[in-house]
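**Q** Residues per chain, in single letters:
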Amino acid sequence: MGRYVIRRLLQMIPVFFGATLLIFLMVNVMGDPIAGLCGERQCDPATAAQLRKEFGLDKPVWQQYLTYMGNVFTGDFGTAFNGQEVTELMAEAFPVTIRLTIVAIVFEIVIGITLGVITGLRRGRPVDTGVLLLTLVVISVPTFVTGLILQLLLGVDWGVIKPAVSPEAPFNELLIPGLVLASVSLAYVTRLTRTSIAENARSDYVRTAKAKGLPRRRVISRHLLRNSLIPVVTFIGTDIGALMGGAIVTERIFNIHGVGYQLYQGILRQNTQTVVGFVTVLVIVFLVANLLVDLLYAVLDPRIRYA
Amino acid sequence: MLLEVRDLHVEFRTRDGVAKAVNGVNYTVDEGETLAVLGESGSGKSVTAQAVMGILDVPPGKIAGGEVLFQGQDLLKLKEEERRKIRGAGMAMIFQDALSSLNPVLSVGDQLGEMFVVHRKMSRRDARAKAVELMERVGIPAAKERVGQYPHQFSGGMRQRIMIAMAMALEPSLIIADEPTTALDVTVQAQVMDLLAKLQSELNMGLILITHDLGVVADVADKIAVMYAGRIVETAPVHDIYKAPAHPYTKGLLESIPRLDQKGQELYAIKGLPPNLMNIPPGCAFNPRCPLAQDVCRTDVPPLYEVSGERGSACHFWPEALNG
Amino acid sequence: MPERYDPDEAVAPTGAGGVMDLATSEGETLEKLPGGPKGTGPAELDPSAPSGERARSLWSDAWRDLRRNPIFIVSGLVILFLVVISIWPSLIASGNPLQCDLAKAQEGSQPGYPFGFNGQGCDVYTRTVYGARTSVTVGVCATLGVALIGSVFGGLAGFFGGASDAILSRVTDIFFGIPVVLGGLVLLSVVTSSTVWPVIGFMVLLGWPQLSRIARGSVITAKQNDYVQAARALGASNSRILLRHITPNAVAPVIVVATIALGTYISLEATLSFLGVGLKPPTVSWGIDISSASPYIRNAPHMLLWPAGALAITVLAFIMLGDAVRDALDPKLR
Chain A
1 MGRYVIRRLL QMIPVFFGAT LLIFLMVNVM GDPIAGLCGE RQCDPATAAQ LRKEFGLDKP
61 VWQQYLTYMG NVFTGDFGTA FNGQEVTELM AEAFPVTIRL TIVAIVFEIV IGITLGVITG
121 LRRGRPVDTG VLLLTLVVIS VPTFVTGLIL QLLLGVDWGV IKPAVSPEAP FNELLIPGLV
181 LASVSLAYVT RLTRTSIAEN ARSDYVRTAK AKGLPRRRVI SRHLLRNSLI PVVTFIGTDI
241 GALMGGAIVT ERIFNIHGVG YQLYQGILRQ NTQTVVGFVT VLVIVFLVAN LLVDLLYAVL
301 DPRIRYA
Chain B
1 MLLEVRDLHV EFRTRDGVAK AVNGVNYTVD EGETLAVLGE SGSGKSVTAQ AVMGILDVPP
61 GKIAGGEVLF QGQDLLKLKE EERRKIRGAG MAMIFQDALS SLNPVLSVGD QLGEMFVVHR
121 KMSRRDARAK AVELMERVGI PAAKERVGQY PHQFSGGMRQ RIMIAMAMAL EPSLIIADEP
181 TTALDVTVQA QVMDLLAKLQ SELNMGLILI THDLGVVADV ADKIAVMYAG RIVETAPVHD
241 IYKAPAHPYT KGLLESIPRL DQKGQELYAI KGLPPNLMNI PPGCAFNPRC PLAQDVCRTD
301 VPPLYEVSGE RGSACHFWPE ALNG
Chain C
1 MPERYDPDEA VAPTGAGGVM DLATSEGETL EKLPGGPKGT GPAELDPSAP SGERARSLWS
61 DAWRDLRRNP IFIVSGLVIL FLVVISIWPS LIASGNPLQC DLAKAQEGSQ PGYPFGFNGQ
121 GCDVYTRTVY GARTSVTVGV CATLGVALIG SVFGGLAGFF GGASDAILSR VTDIFFGIPV
181 VLGGLVLLSV VTSSTVWPVI GFMVLLGWPQ LSRIARGSVI TAKQNDYVQA ARALGASNSR
241 ILLRHITPNA VAPVIVVATI ALGTYISLEA TLSFLGVGLK PPTVSWGIDI SSASPYIRNA
301 PHMLLWPAGA LAITVLAFIM LGDAVRDALD PKLR
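Those protein sequences? They're chains A, B and C, same order as listed.
Following our numbering, the numbering of the first sequence begins with 1 at its first residue and continues without gaps.
Following our numbering, the numbering of the second sequence begins with 1 at its first residue and continues without gaps.
Following our numbering, the numbering of the third sequence begins with 1 at its first residue and continues without gaps.
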């Protein structure tokens, strides 16, 4: 177990540096990092040159990257376009997106797994076909269309929710945005659970459990579910990172001032510090979530634990 | 009589049609008696056992007729909840592949103890003590230390011992062992069979031993039922069958065993392939492969002719088979 | 979106990214050892026969299944129709998608113009028909690129293992760490070209690791088959083993995932266009039309719903086709 954890940790290191370097390079392609620093107008050449020197932008990219990473490890993520520290922006944005992600994950677990178990146990019945078709529709309609339509119907026409989320973004206002954010993953969780349940239901150990004379409930909850949910748990865990990064669309529709909003602003205003900073944190979140998933996987499956 | 299977029919509905897996099987097992059910894969021997246990997958499986009398009670007429209580407690089953038949994510102690928790309403702690006791009984060394381990941490032989322990847990009166030694090394096979035979005589249980291995049968079985295409084609006390089989199929099976005294001779093999269960040949299902087949074999299904008191053969030409 | 698509669901229920990796890097101990001498029997005669036969019967069985599957027939017909109208849109639309009349902006359905007009007064029906070409082009080109690069890298890494495999695994991990929509925003925000190529290039750049994982996994599985071991024991060369024995058996999961991915790329194009970094006018695309109609969703929903519906049906058709093919190719699920 210890060796397993250490190995996973070591594997994270190149991924962290690779992903941040990749995004650093991409942002460098994106545009001039100092363009946004002189406010609305163009910087005059002398100031520009001075700023370049100040930020070390006259050095080769790899040196800039190392300097940046050095700063990041001391907690310095640089300055955003409006002179605010990027860390301040993060302190505002991340709690909002984390709440949104929590709502989305809860939907995935509660609705996705429930539907998956029901359909997996009733393969080929009308419930199964119906839910399966529904998941396909959810996957096929782009999230932003689902979001816009739900916003129009629930927010504007029927007035069930506020069409735009207030800046504080409390949990109750994030229910529908969270559902929209979760929708596609939710459909995948349903399908994955269904496949997994259906496959394990035919396994030898489930047959043994039946032959032992266990009640159906116990066969399902203790034997079938635990084995079937291992891949589902993994999917949901890996999805945490994807949800936080994918919140851009949802946050834009419902005007939520979270990570996606700040990133979008950063990109529009070509503010490299904001973009790289936020993405670095997202990569860390993604990696930590993956590590937790691996550990959870080892807890759930003793074959990994004792390998 | 402990168990009596009467005219059992089982079908599987698939997309390509109906597969008739079991077509009128009759057999009986008494307390302390061992019945060996012999046959190739697809002969319906495992499906019959699953129907007796009540663990057939329905659908696609379907019991199309017959009776399964266990201690005088027709199991097929019972409600599922009553049947469930008999499973594990009254009759238990041992499967071929212990690795896949044990739950990989639960400790063996949990899986053994579960029998007592569910059927005897014991506390988890008492159940665990019972699990250790069982493991000792089936000869697993250091049972106390190993009770918390997982199936993959045991060797193949030890895993099969755990399967046996699980089946014996509630001292059922009938055990069905479906190819219990096929997945094991030859040396381990004998140990496992010995253990099974020992526990059987201690507890005076009926045992149905499903196998395709004639070597295993000779030592432990009291009587044999040979199955082909979902029917019993020959049934007899074990020694009679080895001396003189009364069905050409049994004869073929016996002749295809390699023997030391026939060194250098070519091995005999039954020609042809087992029938497709969706399309069983009319008449005697074995007729396309049978050296004795005549026209009548292609039209009339042979009944189980009485050969002698305890012997039966489903062959129109059983006397020829017996003497040939 | 590609990053949301769970690759494992399409081939084996091992789980998402992390587990997939586990199943192969940590999990060797879990897998049964290749079946020893038993499997070498038939291969002694002709090492190429078993795999060829297997692959052929797999595909012909699958084809027999597919022809009877209504989902396959319906989705296949929808896709065929889409391909035909992307090549010859004038078959069913006589108008010009760029010919607009501002006076008719946002007007609803009327004779000759069943879908009404959009915000610039262009005919929504004509634009929806012409939009198919863009979506199909983006989907097909991106998928071809992704499948080609992904399966070559993934296949070779899976086949040779060792350092090349470790490097590829880490590289794919890196790409998986970057959310696709975010990468699109960053990379495409500087693009000024109004052609489809930057969008396709971006999708290939961020999409190939997904396919390479699938290809790697299925090559590793195929490599462990007895007949491959047998061919190797008989001294077959690497290239022969790879081409004759592994490729025919490993290609099925790649095709399935690629088909489903094609649908998600079409959807991704629309999402990028919605965020303002995808395709740009005068290109006619469902994404652009949905995006430009979104502010008017309340008063003139038809402007959004027609292209969105066409998009959803297209994506659905590809996903269902992939699903049907997978069910046909995966005997385990029968």
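Hint data in this document are derived by calculation from the structure and do not stem from the laboratory.
Among these hints, one or two may not hold up.
According to the in silico footprint, chain A covers these stretches of chain B (three or more CB under 8 Å from chain A) [what the hints assert, rightly or not]: (1) 90 to 98; (2) 109 to 123.
Residues of chain B placed beyond 12 Å of chain A at every Cβ, according to the derived structure [to be verified]: (3) A19; (4) E40; (5) I63; (6) R84; (7) K85; (8) D213; (9) H239; (10) D240.
The C-beta atom is built at its ideal place from N, Cα and C for all residues, glycine as well.
**Q** Checking the smallest CB distance to chain A, is B:R84 really beyond 12 Å?
**A** The assertion about B:R84 is violated, with a minimum of 5 Å to chain A.
**Q** For B:H239, is the shortest beta carbon distance to chain A beyond 12 Å?
**A** The claim stands: B:H239 keeps its Cβ more than 12 Å from every Cβ of chain A (closest is about 32 Å).
**Q** With a C-beta cutoff of 8 Å, work out whether three or more residues of the region 90 to 98 of chain B approach chain A closely enough for the coverage to hold.
**A** Since 4 is at least three, the answer is holds.
**Q** Mind verifying the non-interface call on B:D240? Its CB should be farther than 12 Å from each CB in chain A.
**A** 32 Å, holds
**Q** Compute the least Cβ-Cβ separation between B:K85 and chain A, then decide whether it is above 12 Å.
**A** 6 Å, violated
**Q** Take a quick look at B:A19 and tell me if its Cβ sits farther than 12 Å from every Cβ on chain A, holds or violated.
**A** Holds, since 17 Å exceeds 12 Å.
**Q** Taking C-beta pairs only, is B:D213 more than 12 Å away from all of chain A?
**A** 20 Å, holds
**Q** Take the region 109 to 123 of chain B, compare each residue's beta carbon with every beta carbon of chain A, and decide whether three or more fall closer than 8 Å.
**A** holds (count 4)
**Q** Taking the closest pair, is the beta carbon of B:I63 still more than 12 Å from chain A?
**A** Check passes; 16 Å lies beyond 12 Å.
**Q** Taking C-beta pairs only, is B:E40 more than 12 Å away from all of chain A?
**A** 21 Å, holds
Hint compliance for this structure: hints 6 and 7 are broken, all remaining hints hold.
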